[in-house]
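S.K.: Each chain, letter by letter, is given below.
4 protein chains.
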Amino acid sequence: MLDRYSRDVVRRLWSDAHRYDIWLEIELAACRAMEARGRVPAGTTDTVTARACGRLDAPRILAIEATTRHDVIAFLTHVEEVAGEAARWLHYGMTSSDVLDAALAIQLRDAGHVILAGVDALRAALRRRAEEHRGTPVIGRSHGIHAEPTSLGLVFASFHAETGRARRRLVAAIDAISVGKIAGAVGTYGNGDPVVEAEALAAVGLRPETVATQVVARDRHAEYFGALALVGAAIERIALTIRHWQRTEVGEAEEAFGQGQKGSSAMPHKKNPILSENLCGLSRMLRSYAQAALEDVALWHERDISHSSVERMIGPDATTLCDFMLARATGLVDGLVVHPERCRENLERTRGLVFSEGVMLRLVEAGLPRQHAYELVQKSALRAHAGEGTLRALLAEDPEVTARLDARALDEVFDLQHHLRHTEVILARCFAEDAR
Amino acid sequence: MLDRYSRDVVRRLWSDAHRYDIWLEIELAACRAMEARGRVPAGTTDTVTARACGRLDAPRILAIEATTRHDVIAFLTHVEEVAGEAARWLHYGMTSSDVLDAALAIQLRDAGHVILAGVDALRAALRRRAEEHRGTPVIGRSHGIHAEPTSLGLVFASFHAETGRARRRLVAAIDAISVGKIAGAVGTYGNGDPVVEAEALAAVGLRPETVATQVVARDRHAEYFGALALVGAAIERIALTIRHWQRTEVGEAEEAFGQGQKGSSAMPHKKNPILSENLCGLSRMLRSYAQAALEDVALWHERDISHSSVERMIGPDATTLCDFMLARATGLVDGLVVHPERCRENLERTRGLVFSEGVMLRLVEAGLPRQHAYELVQKSALRAHAGEGTLRALLAEDPEVTARLDARALDEVFDLQHHLRHTEVILARCFAEDAR
Amino acid sequence: MLDRYSRDVVRRLWSDAHRYDIWLEIELAACRAMEARGRVPAGTTDTVTARACGRLDAPRILAIEATTRHDVIAFLTHVEEVAGEAARWLHYGMTSSDVLDAALAIQLRDAGHVILAGVDALRAALRRRAEEHRGTPVIGRSHGIHAEPTSLGLVFASFHAETGRARRRLVAAIDAISVGKIAGAVGTYGNGDPVVEAEALAAVGLRPETVATQVVARDRHAEYFGALALVGAAIERIALTIRHWQRTEVGEAEEAFGQGQKGSSAMPHKKNPILSENLCGLSRMLRSYAQAALEDVALWHERDISHSSVERMIGPDATTLCDFMLARATGLVDGLVVHPERCRENLERTRGLVFSEGVMLRLVEAGLPRQHAYELVQKSALRAHAGEGTLRALLAEDPEVTARLDARALDEVFDLQHHLRHTEVILARCFAEDAR
Amino acid sequence: MLDRYSRDVVRRLWSDAHRYDIWLEIELAACRAMEARGRVPAGTTDTVTARACGRLDAPRILAIEATTRHDVIAFLTHVEEVAGEAARWLHYGMTSSDVLDAALAIQLRDAGHVILAGVDALRAALRRRAEEHRGTPVIGRSHGIHAEPTSLGLVFASFHAETGRARRRLVAAIDAISVGKIAGAVGTYGNGDPVVEAEALAAVGLRPETVATQVVARDRHAEYFGALALVGAAIERIALTIRHWQRTEVGEAEEAFGQGQKGSSAMPHKKNPILSENLCGLSRMLRSYAQAALEDVALWHERDISHSSVERMIGPDATTLCDFMLARATGLVDGLVVHPERCRENLERTRGLVFSEGVMLRLVEAGLPRQHAYELVQKSALRAHAGEGTLRALLAEDPEVTARLDARALDEVFDLQHHLRHTEVILARCFAEDAR
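Sequence order for the protein chains is A, B, C and D. Each residue of the first sequence is one higher than the last, beginning at 1 in our numbering. Each residue of the second sequence is one higher than the last, beginning at 1001 in our numbering. Each residue of the third sequence is one higher than the last, beginning at 2001 in our numbering. Each residue of the fourth sequence is one higher than the last, beginning at 3001 in our numbering.
Accuracy of the hints is not assured; some may be wrong.
[Said to hold, decoys possible] Just so you have them, the derived chain D footprint on chain A, three or more residues with Cβ under 8 Å: (1) 2 to 8; (2) 282 to 293; (3) 311 to 319.
[Stated by the list, open to error] Pairs of lysine-lysine residues, derived as BS3-like cross-links and limited to a Cα-Cα distance of at most 30 Å, are as follows: (4) B:Lys1379 <-> D:Lys3271; (5) A:Lys379 <-> C:Lys2271; (6) D:Lys3379 <-> B:Lys1271.
[Unchecked claim] Between beta-carbon pairs, the in silico distance windows are: (7) C:Pro2340 <-> A:His385: 17 to 27 Å; (8) A:Ala198 <-> C:Ser2015: 53 to 63 Å; (9) C:Gly2038 <-> D:Ala3403: 17 to 27 Å; (10) A:Val425 <-> B:Ala1428: 46 to 56 Å; (11) C:Leu2002 <-> D:Ala3403: 56 to 66 Å; (12) C:Leu2002 <-> B:Arg1060: 11 to 21 Å; (13) D:Glu3412 <-> B:Gly1331: 37 to 47 Å; (14) B:Ala1432 <-> D:Glu3132: 47 to 57 Å; (15) A:Arg207 <-> B:Ala1396: 40 to 50 Å.
Since the hints were derived computationally from the structure, they do not count as laboratory data. For every residue, glycine included, the Cβ atom is placed at its ideal position computed from N, Cα and C.
Here chain A stands alone, though its shape is the one from the complex (with noise of 0.2 Å):
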């Protein structure tokens, strides 16, 4: 977890301190359901809170932890330093990971909350711009080649459309995530209660694990890293995109460049798509933890820990990669400078030549055998790429073309509007999506 590439809403919820706080909240709500059922002292849990609750120390429980080797030990021991006596009715017929996969379900949970609440910013600047620039044409390319014109405003609704895809999975992963078990040492609350479980994890916003082993079922982390790694697919194609916009030679769009911000030291001229760069280098992140994320499933037995230094690596890592690659798009799909004119210049750039289905599907209808129809346009477009005039003007000239497509229908075929005219349905179903 590099600062330069997390924000502090997501790297707090991973600090020590922040840690010790929701464990303290998870043994609370146990000990309280517990209590409930007289299997801890009444009054226990509210004694507890009042003395423990924001007065943890976190740096003391690490120097606890540098001799006991165990964390929720040495946390269980400040606790008590804390609150005294009473303390000593936590955890009771808990295993440490009653506490410990409780604690990360919340922390990403909570991490995917915020992830979220990114992804909706994202999809607001992607809204705004698909909305501003609906009546935009740009080329359409495939292969990098020109193919025939679309609207900028479709461009943007794409990527609306996938970050609503990427969106959907993660809300199904943190509902997947959402999960604990206060079950006991292999699952079967040899000496606990499904119902204090039950109880206790409703007080922290999770439910309990359908099965439990000794942990929470690892499919759920998968699933949600997976999530992850396609909301940074979804963004590392808007990147991918604006970085060709920004080329030299196409110059359709670039980044807003920071006041004071230097291209280049020798340079001036030179403005590079550096943030669009980065989040396609960060994306590879969240797809290389995604894939760790895949190898922890198949645990042994009633558990292995090997998940584990793999969650304390990714659970920070990714997360707080995927909140500020979100912010980041957001800022660049908000500030991206578009240049309409650069895009007009594109268009025309082949004279025409990516309205020739057009004509030839006009000519079929007209009558013509489908291969003469393709032969007629052909002659036309191969002098227009050579340079002699624009497909539109070559075919005026052309008497076999001429006999049946008259100035009108060559007209609307060579038209922009005609050619973009479901723009408005297909942004309608685009947006659709979101009212359900």
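Please arrange chains B, C and D on chain A, whose structure you already have, making use of the hints.
M.R.: This is chains B, C and D only, laid out in the frame that chain A set:
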């Protein structure tokens, strides 16, 4: 796609012949929708259907492709050979990806349904074994070390729950992939019509892509292959557990041994968990395919074709493998030979130490400070560990213990039935999820 | 292994028939070594060789395996069918892995040599193009933005150098994989003999594993598939560059277009870099196979068989793909159509701004403080950027500049030849690595 | 980079302060080389060295970067603050990557050397244990099932051999990464000089990149992180074996237990192989980092900066983890508590069945057809398996056997020493590799 690791039903979905049949189905659906709108001469669809359906010659199409080097054009050429003149109206105003992406969606969806059935079969087997062994005690292990007793039924139930989650993800992924587009070269319907698309896709059981480019967005495919990887990981956990059970020193269960099968050319006693090992290996393949699919998401602009070669490999490979793995895992679970006597033997191997936590908790409940109770139990535990007797017997000799716990109390702590008293609650919770 | 993405020479290495031939070769080599030591009756090897070599019937062996469910036993059974009684001495005191691992090593080694030849062919093509275009200026781009001029020859040379490193790793990996073991069930030669092993393996061109278990260690295979992934990544970089070059707006080079090939059914001008895109996709597959191979390393104890299914998939898939990719990449590089005039056009697109750093450095050398020099250049640069003239012309009008740099000095800064004066040194350094 | 999973010596290499020191070292080396050629005023390098070396203020540089948003410019600005006017000649004609890539190479190289020392320490420990246990018999297991006896020393030796190969790859990777470039914006030395580069890089222990772009080629880094992943996989295999050994039912060896360490808060007998499990988890991280590094290779044209964010994460993370893992693994191997009596007990668990192949081979050598010999052995084997006696005793009662094998012959087959007679040959072969 190796014959060895695939089954007919999914393999067939990826045959050339089947692919061409799907293409034809899509082309005809689009043609019919256009016909309904007067864009194609009336009767065209019926004519082509009558002449071409069930009569395509796959090798012939491949031969044409060797010349044209374009798969869809080769296909259309052949359809014309078979259906004559009318076939010229097929593919009218469409782009190759309109056909290809819808076809891939159908293949992945159909393979997905076969896989879902495979998940269900596996889950049925797991449930049967869970119910059969609900009362079979087995030592629960954390870190590979004996912890506390559990029930074999709970182990199967935990697999049942995990495969249930894998199923839920797969259902979502099949839904996500059930999308096509007939929206032209860059997704704008420049020469097309959203209504035609909607009708044609509905006819083949797909929805229109929200905002298409030249292709359907590839995050959908990445989700799908990610879901398969998690089916694989669930199987891996089952297989890994069986491998552990079958270890010579553990011997709690073993793979059924085929009639006449030879474990080793030399060692007649040797039975190896080869099916389980095989499944562990194959789950690595599913993980690796998911990684490749994630890299496919960020295509250039309105599409580049880099995803295509990946999908040609992992489409068939991942789905056939996953189907094969499910069938193999189901057979494995169904046929698994359980040795309850070895389970019991292993349970008793530590002379009751696995109940030590229970004793300690009872002593605390009886009024001892926790640390004192711990030391009291530890004293007998170390003697039991050293082979001086069972923990139960040694505790019964300790007046400090007997002063607080009478024989009945001790009996309860050492009573497996008591320890596993919540089994039914857990199983009920597990199977209730199916009902929803 | 798709026909579409593989070539005969490597595919053949993985045929059933070829595998059985290798098995026989290994068995005979071991038999001969045992015979030399009197452990097998004299003449056995010659007899079996005469009767069985070249006469095995692969389908027959597969049919036997369907019953025995053990591949090596099925093979040996068939060899007895063909060679009679003497064949009973084959495999004497050996374990299946003795045959299987040596055979896999031979297949990977032989495939490796074909791939090495493919790397060499690609490197030869890259060198030819580097030499052909040593003097072809092209704009160098960082971040996709014009930076400073470079030579097209250098771009090819950088690919040449990278594939040279890929070659070095592959040579090391082939050496690492060229290892077998005939050391019995757990690698101790309990019923065998290190001398027999050494002789037999030498006869088939392998070395003995340093310390075998039942199998050869799998880090060797992981290294091998990792080396293939890096061959793939080197090809990916070439292919990615070509895709960029071929973009409509860039147009500096393009894939050769086959006679009669159709870029698009509608747009006669459209030529897509489909071979390069295909290679980018396939490189993802090689990456994913390397990941699976890494997971195969940590086997249980003296071996578990989880690696086997992975290797059955990635052995053929990775080697045939890599070979295919090299052939395709070589053709691509060889046939690449370069447009030097477009390179030049693009170079001049920024009106000389790409030389701005050189001017600034000269001004500093002429005595100006760096910051002052920067601002001086920037002034003209911004005007050039705004289209008011070339940077060269605008600087020549600035008395502050001309007071320090005369026309000759300016000429030198703006002289491409001067800028590229070290090209030959770099090329010589690059090709010198081949000589070693 | 978690404190928990890293050690000072590598962590320090990645500190801000150390990075700035390396940058200064590189700038001064370049400055001195330019000075030697008269491109920079005489005395500049000495002056800056005297004033700045050891006196940079890292927080100050970071504060400047917060404004300039350019790390190298911030650094240079601060060097001027500290060293005054003369510092203006630093970085003359250089580009940021000239500094950054050389610095990264130095960090990776230096970390690599620490890691190499860690590999050597691990190998020394493995060799010690191999020699200590050269004569400790243990059952060899394939598929987790008892196969034939081996020596514990051979198991350690096989790890020793594997880590030797990991070392060889790491040495190659360190060599590959020990490369920098001072070749300007696109690698052409447009405003630079290959001779200056060669001298400057030599002064910091690097070689020039063969053909640079703006950066050093990233296949070098991918090789490096791939080599770390294979170090990790070698450790994983060791750790996995220890986890198996420590299983309750196996008990052949266990991790040393720290003074006062608590295995479980409740179960005093419980000792978990947590270090080994931890290492298995961390090896997954190294694998995932290698994957991200592979995706970094194919940069755009003369560079894009997408690799940078990846390297900022995995540079520190992978090297500190790998170093930490080696230290932990070395301590683990060194401290491993072996229980030879449990090894022996397990060996005898199958009542001699593990020698069955040897008996069969002797019977064949004594003239019996193989199938007959097999059945003969199987008869007694099945009885031994059923608990009717040891295989040795049962065979000695079978006249068909005793007619062919006398007591001495049987003794030899069942003699562990005989079975392990080649141990020394293998160990010698293993350690001979070190000498080279």
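S.K.: Look at each hint and say if it fits the structure.
M.R.: Verification of the hints:
For the region 2 to 8 of chain A, the assignment as covered by chain D holds, since 3 residues bring a beta-carbon within under 8 Å of that chain's beta-carbons and 3 suffice. Given as covered by chain D, the region 282 to 293 of chain A passes the check, having 8 residues with a CB less than 8 Å from a CB of that chain where 3 are the minimum. Under the rule that three or more residues need a Cβ within less than 8 Å of chain D, the assignment of the region 311 to 319 of chain A holds, with 4 such residues. Among the hinted pairs, Lys1379 of chain B with Lys3271 of chain D is consistent with the structure: their alpha-carbon atoms are about 17 Å apart, no more than 30 Å.
Distance check on the hinted pair: Lys379 of chain A and Lys2271 of chain C sit about 17 Å apart at the alpha-carbon level, within 30 Å; holds. A distance of roughly 17 Å separates the Cα atoms of Lys3379 of chain D and Lys1271 of chain B; the hinted pair therefore holds under the 30 Å criterion. For the pair Pro2340 of chain C and His385 of chain A, the supplied restraint of 17 to 27 Å holds, since their beta-carbon distance comes to about 19 Å. For Ala198 of chain A and Ser2015 of chain C, the hinted distance range of 53 to 63 Å is satisfied, since their beta carbons lie about 60 Å from each other.
Checked against the given bound of 17 to 27 Å, the beta carbons of Gly2038 of chain C and Ala3403 of chain D, roughly 23 Å apart, stay inside it. Between Val425 of chain A and Ala1428 of chain B the Cβ separation comes to about 50 Å, which falls inside the hinted range of 46 to 56 Å. Under the hint 56 to 66 Å, the C-beta atoms of Leu2002 of chain C and Ala3403 of chain D, about 59 Å apart, fit the expected range. At roughly 20 Å, the beta carbons of Leu2002 of chain C and Arg1060 of chain B sit within the given window of 11 to 21 Å.
A hinted range of 37 to 47 Å holds for the C-beta pair Glu3412 of chain D and Gly1331 of chain B, which are about 43 Å apart. In this structure, Ala1432 of chain B and Glu3132 of chain D meet the distance hint of 47 to 57 Å, their C-beta atoms being roughly 56 Å apart. Between Arg207 of chain A and Ala1396 of chain B, the C-beta spacing of about 41 Å keeps the proposed range 40 to 50 Å intact.
Every hint from the earlier list agrees with this structure, and none is contradicted.
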